[in-house]
Structure formats: C-alpha cells, structure tokens
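Chemist: Chain by chain, the residues run as shown.
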Amino acid sequence: MPRQDPKVRARNFNEVALGYTHEMALKEANRCIQCPKQPCISGCPVNIDIPEFIKAIRDNDMPEAVRILKRKNALPGICGRVCPQETQCEEVCTLDKKGAPIAIGRLERYIADWEREHSSELPSSPNLPPSTGKKVAVIGSGPAGLTCAADLAKFGHKVTIFEALHVAGGVLMYGIPEFRLPKAIVQGEVNYVKSLGVEIRLDSVMGKLATVDELLKDGYEAVFLGTGAGLPMFLNISGENLNGVYSANEFLTRVNLMKAYLFPEYDTPIKIGKKVAVVGGGNVAMDAARCALRLGADKVYIVYRRSRVEMPARHEEVENAEEEGIIFKLLTNPKRFIGNDQGWVTAVECHEMELGEPDASGRRRPIIKEGSEFTIEIDVAVVALGTTPNPLIPSTTRGLETRKTGTVVADEETGKTVKDRVWAGGDVVTGAATVISAMGAGKRAAASIDDYLKRK
Amino acid sequence: MFKIVTKEKLCPVVDFFKIEAPAIAEKAKPGQFVVVRVDKVGERIPLTLADWDGKEGTVSLVVMQVGTTTNKLSCLNAGDNILDLIGPLGLPSEIENFGTVVCIGGGVGVAPVYPIARALRQAGNKVITIMGARSKDLLFWEERLRSVSHELIVTTDDGSYARKGVVTEPLKELLEKNKEISRVVAIGPAIMMKFCSLTTKPFGITTIVSLNSIMVDGTGMCGSCRVSVNGVTKFACVDGPEFNGHQVDWELLFARQRIYLDEERRSLELREAHHCQHS
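Protein chains in written order, with the numbering used here: chain A, 1 to 456; chain B, 457 to 735.
Calculated directly from the structure, the hints in this document are not laboratory data.
We put the CB at the ideal spot given by N, CA and C, even for glycine.
Heads up, some of the hints might be wrong.
With beta-carbon atoms standing in for the labels, derived distance ranges [stated by the list, open to error]:
1. B:D718 with A:M24: 40 to 48 Å
2. A:E377 with B:E598: 50 to 58 Å
3. B:E625 with A:I327: 54 to 62 Å
4. A:K369 with B:T689: 23 to 31 Å
5. A:A433 with B:K485: 44 to 52 Å
Using 27 Å as the maximum straight-line C-alpha spacing, the simulated BS3-like pairs for lysine-lysine come out as follows [said to hold, decoys possible]:
6. B:K459 with A:K259
7. B:K483 with A:K217
8. A:K97 with A:K27
9. B:K483 with A:K158
10. A:K275 with A:K7
11. A:K194 with B:K465
12. B:K465 with B:K496
13. B:K463 with B:K511
14. A:K194 with B:K463
15. A:K217 with B:K463
16. A:K259 with B:K496
17. B:K463 with A:K183
Between the sequences and the hints, there should be enough to build the whole structure, so can you do that?
Modeler: Below is the structure:
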C-alpha cells in the first residue's frame, strides 16, 4: 500500500498510509482463494463475512461490499486502519502458510473509504426494525460503546450514549493520532451510528452528572459501561512531576483532541521538546514518539525495558517509527528524571537491563544491570506505561464488582456484570487492549442486552 | 451549547456569568468546578462554581481576565453561548458543623468561597470571613459574603478601602485571640493559599485550600493537574481540588503553574490584535 515518504511525513500530521487504488484492491481481492473453511471469519473478533465482501469487490459490486461489511461492523474505516490484523483475521488466512496472507484490513479500509467518497449515491440510512420502545443507556462513546449502541439501535431499541468529553469517539479521538486515523473518518463513523437513531450526549460525566443507579431509575432498562481504561500509570520514580514530563494520555489529548499541533490557531498549548524520551513499548508509545517528531523535535527516543521482540506495539507501527527516525533505546529503564532549578526536566537517568526468566505475562522479565546507569539529555518526557480504568463509575455504582486493577468483572461471553441490568465491555473489563476487541465486547453485550429485553 | 442568561461586570477585569445548565445545577455542591470550552478552537479550562440554582437550572461563574480563554469569555454577553460546560467535577467541600470556621477569599477566589461559607453557615458553623483584593476597584461581593458570615473583614493591599494589608494579617490576629477556630478554608492565588497555610500551621488548625493547577480534561485521565500532597502524587481534578494546605508541596504547584507561560503570552498576543471579534 502506498505511503507518504518517511522524510516528508515525519513533519506533518497527514495520514501516513494512502490506501489502495481500485486496481490494487481488485488485484488483492483476486488473490483470495475463497477457501471453504473460511478461517479468517473466526479470526475476526466481530466475525465479518470476509470472503463474501472480497467476492463483492471482485464482482465490482461496491454497494454490496459495504452492505456485507456493515452487517457486522459499524466502524470499518477505523478497524481497517487500526486493527492488528497480523494477530487476527490475517494470521489465520489460509494463504499465510503459502506466502503472504490476504491484506484483509487494507481491503476493509478500501471499502469504507469508497463508501465515504460515494455517500451521496448510497441510501442515507439503513432500514431499521420498528421501535421496541425500550431505552438503553450506553456510558462512553469509544469503540465498545459505539458498537454496542449501533447494534442495539439495529435491534430497535432507543439508545442514549453519555460521553464525558466534548466529542464522541473515545481513544479514537484523543489517543490515536491523525496520521494513523484521520479524525474526519472517526466523526464520519460516529455520524453513521447517529443515523441509526442513537442520541449522543456530550459533556456528560457519568458518576458526577448522574449515577448508574439514577439512570436505571430514570427509565433506562439496561446500562452498558464502555468507559475504557483512561487513568494513566506513572513510573513512580523521582522527578516525575517535573515540568516537561507528561503522561501519554495528556500529551496525546493535547495533540489529537485539542489540536495543540496547530497552536496558536488552536488555544491549547504543548511544550515542544527538542529532545524527547518516550517511555514504553506499546502502540501508545509509538504514537507519542511520532507526534513529538511531527511537533518538531530533533531527537526522539523510545525507552523500553525489554527487547524488540517483546514490544507490544504493532510491527507496522514500529517499522513506521523507525523509518521516520525514532531512536530505540531497548533494554533500558528510567531510574529517575533530573531537573534544573526552574523545575524543568533536563535528563533521564536510566539503567541498562537484561532479560531473565519468563514472568506471568509470558514475556522474559527485565532485570536491572547493577552499576549500568547512564543519562540521556531531554527536555520533554512522555510516560506511556499503560492505563487502568477510571474509578469514577465503579466508585459511584453500588453492587459492581471490580478487580484489584480497577477493571470491572463481567461475563466474557455476554458482558453481564454481577449488578442487575448492567453490562460492561472493552478496556473497562479487560484493561487496555485493542479497538477491535472492545468492539467485539460491545457487540456481544448488545446481543445479550437485546436477549434480556426481549424476555422481559 | 450553554446559554448565558446574565452577564454582569463585577469590576473592570472580572465578569459574572449566569449560565443555563440544568443538569449541572441539579447536582452541584460547594467546592466543585466545571470545565469550560468557549469555542471550537478553544482550550478547556477549569472554573470553580460561584453559585448554582437547581430550580432555575443555572450555574454561576466569576471569571477574571488573565489570558486568551478568559478574555474570550469576557467578550460574551447575555444571549451568547458557551460551546462546552462540563461538570460538576471534583470532590465537594467537606461540610459539617466544625464550630467556628474562618473562610478566606483572595481576589477572584472570593467567588468560590461564597457557596462554601454559605453551606458552612447552614451546617451550624460560626463563619468569620476575610476577603482581600489588591485595591478597592478589584473588590466585589462584599455584601454577598457579609450575608453568609457572622463577621466579615475586608482588606486591600494598598489600603484604598477598608483595612490595609494582606489577608494573613487579620487571620493571624483571629487565631491568636479566638481559641474556638477549628478550621480555615482559603481560596485565591496559590501564593495566598500558601501563606494562609503557613500562618495557621503553628496553631495546628486544619486549613483547606482549593488548588488551581493546570487541567485539561478534569476527569482524571491525564494527570496534567498532578500535585504532591503529603509526599503522594494526587490528581487535583479527581482527588481534590481541596486539600490540606499543610500537606501541599507549594513549590511544585508554583513550578507547574508556569509550564506554559511563553505559550500563554504568544496566544494572547495573537488574540489581542482583534479583541472581542474572535468569539
């Protein structure tokens, strides 16, 4: 798939991957052998009928391809871009054993982009069943909440989404940068969910404005919690509160949601570092590092305590980061941040690490090499260690069971929590995971809620 | 969109706004704040509630012009809309019958002190209020604060009205002569809250301050507002904004308040060229 040149794209926020042309999509679709076992479908967390939409592309029937895709997935423009297909649908593709798997994600993206460009020629809203007259509240408008709401609306229920921020989309808006996921595409898919009759109430911090119990008393027959894992983790080392040290959530929220990269046309400022260290090895760390570079940093380091193979980030994003000139300091762990007398960070002191035996996560445990301390000069640091669920809802909801990590306990298949009429799914249940797994959870919960409402 | 019902100039650089926000008004409690975003290129800033009326469905904010966003706000009038108003956020003030409480409001901090003093009085406390401003023309809400206080002391730094000096002077006198004081609540510039805390410390009297650190979302997802209290990092937006002033790391708060001074100046320069045409 064509991409922007690394040298050029490292200084702009435009989308890196440019998408398939029609000819490329057709060529790729023609590689699919339409195997009878269809392992790709079970590899997809929302079980899209992949061979079927590929066949529609081949038949040059794009409206049909859109219809097949949207039957299972309300947000294909997003999934085609950010899903880790290499560990999902593409990993189990029959062709994977005989060379390269079908580029299912790219084809999905091609269909979604085609639909957006041809929206005027397509029916404006899908056929919906008659209203059941039942109201469901969905808390959070990230991938889990949007998917759950879309499916519930398709079942004929009246859905209201409550969103704390001033735009809908959750991590798709504040977390994933424009150059990986253009915000216009996210808002396009949010508008599709609205076109199904879903009402989205922004600026509504649940737990503060109303509790879950109040919603249940207030005429909502079921509540779905899709509040994500938005609470940043810090290293808890000395100097972490120095000026210039950000959580990845803060850094990315300023850049993506508040458009601080367009300061001062936009009012939200950000400290632009010349030398930036990003601590962590996940997708969020890659996003933060690549944002720092685009803001104009000369040197951006990824500081990660394990080695390259243990990095949880997508391979493609690590490669993109490398091409753009991000410097990887692997087997390196911060010991403390060092600041000047004005309270600004000037360096990070690190330990070298070595890998020991595998730990509970199955990855080899990093061990400090004694006496290996060295410092890296920096003026901005971004801590991207991961996130845990925000306690606002659990702490204000009676009878919800949570784990030590703050995640809400819910049935894996149905998303049902131990609390009557309350379901949950996505990162609030699993801890920080992927967009598509949150969508899968939203989908399963919608089916379970529908089942409950029908039997009621 | 949140409609401005009333706007009133309290002094040349301070405006009062009454805003239609029924859901927030119904839930608001003393000590809580809202996050405001004026327009679509706007930033999110926190403002502590000055008042609310659940029946009327309004919340009140008192805003001092100090930079881009507060200047944009000052350009708005009754009938205009504020794009986003999010709240009520933060933990409410602890309101109990403590006995005798001294409430201190410095500068624009007079406004958020008002509902706290009122609630403390309703809870049965004897409320002594000290309000301070740099000079007479920056004073507002004297009568309003008097109406919820058993005793009111007014100071101006330059002596242009009432008692000359800063709020910590009458505070110290009160603490020396009045043994029943069991709690102090101080809201204003960080430097004032620090010195109020230093004044009460030798007397061992719990001193509650409302920390005004930099915020983005105001819901606990970013840690921009982090402060150190008793050696532990806290998020002012969800763990506060009120903390025990004797436990606050004031130097850290001052340093973190200065993070964007250069950017704030640049933004202001860009906007000032067309003041009040940009909302």
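Chemist: What are the numbers of the hints that this structure violates, sorted from low to high?
Modeler: Per hint list: 5, 11, 14, 15 and 17 violated.
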